[in-house]
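If you read the protein sequences in the order shown, they are chains A and B.
Just so we're aligned, residue 478 is where the first sequence starts under the numbering used here, counting upward by one.
Just so we're aligned, residue 226 is where the second sequence starts under the numbering used here, counting upward by one.
Derived from the structure by calculation, the hints contain no laboratory data.
Only a predicted model underlies this, so the values are computations on that prediction, with no experimental measurement involved.
Watch out, some of these pointers could steer you wrong.
[To be verified] Residues from chain B that face chain A, not an exhaustive set, calculated with beta carbons under 7 Å:
id, residue
1, Y235
2, S319
3, P320
4, N328
Heads up, the beta-carbon is just placed ideally off N, CA and C, and yes, glycines get one too.
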Amino acid sequence: AQKITQTQPGMFVQEKEAVTLDCTYDTSDPSYGLFWYKQPSSGEMIFLIYQGSYDQQNATEGRYSLNFQKARKSANLVISASQLGDSAMYFCAMTAKGNAGNMLTFGGGTRLMVKP
Amino acid sequence: KAGVTQTPRYLIKTRGQQVTLSCSPISGHRSVSWYQQTPGQGLQFLFEYFSETQRNKGNFPGRFSGRQFSNSRSEMNVSTLELGDSALYLCASSPVGRQGAKNIQYFGAGTRLSVL
Numbered sequence: 478a479q480k481i482t483q484t485q486p487g488m489f490v491q492e493k494e495a496v497t498l499d500c501t502y503d504t505s506d507p508s509y510g511l512f513w514y515k516q517p518s519s520g521e522m523i524f525l526i527y528q529g530s531y532d533q534q535n536a537t538e539g540r541y542s543l544n545f546q547k548a549r550k551s552a553n554l555v556i557s558a559s560q561l562g563d564s565a566m567y568f569c570a571m572t573a574k575g576n577a578g579n580m581l582t583f584g585g586g587t588r589l590m591v592k593p
Numbered sequence: 226k227a228g229v230t231q232t233p234r235y236l237i238k239t240r241g242q243q244v245t246l247s248c249s250p251i252s253g254h255r256s257v258s259w260y261q262q263t264p265g266q267g268l269q270f271l272f273e274y275f276s277e278t279q280r281n282k283g284n285f286p287g288r289f290s291g292r293q294f295s296n297s298r299s300e301m302n303v304s305t306l307e308l309g310d311s312a313l314y315l316c317a318s319s320p321v322g323r324q325g326a327k328n329i330q331y332f333g334a335g336t337r338l339s340v341l
């Protein structure tokens, strides 16, 4: 079984500053994928970034980067140059090869609020 | 390319009724997964369909069921509704079915179900 833990229920960040959202995971499967999703108040889950367990480099997608520390089982999301539109819930999720299919296990989420 | 479409967006039902939610995946995607999101339990996996077959199922009672059609569209049904079934129901589709691969799931905007 997999488990995702997000320890920050809510965070504030000043516009244009960088922010790190924490995520730790637990799995006994050596092959897994880690994901971050953004959920605005409208409800839709928006895919941000993916990191595979065998990827040698940290994933980056525009202003988003994933700080992957495999030995510590952490996959923190870094958002550079925060914008007001970044205010939303952020979810860390994972899937593992042992899963029969594409089941995603989600963390409890972090609510990010960007201050002007 | 159109995204994942869920209908209806909002639904109000009373206890004991049944409800059917619909999901049209992104064109070419063959895997469709359903998730329930509540303030208390967070995001929980319901089931996944691939090539019209249920491939994986979460820990939900038998009142929750689903199916997938030959065009990959999917429906989920909840019978004998309970107050606790009030939630945002999210559908996600992914392009490939290989387990454990980089199967990014793309979500729809969800159906918000209220049970009175």
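Against the structure, the hints come out as follows:
1. Y235: At about 10 Å, which exceeds the 7 Å cut-off, the nearest Cβ of chain A leaves the hint on Y235/B violated.
2. S319: Constraint on S319/B satisfied, holds at 6 Å.
3. P320: It is violated, given that the least Cβ distance between P320/B and chain A is near 11 Å, above 7 Å.
4. N328: Holds, about 5 Å.
Hint violations for this structure: numbers 1, 3, all remaining hints satisfied.
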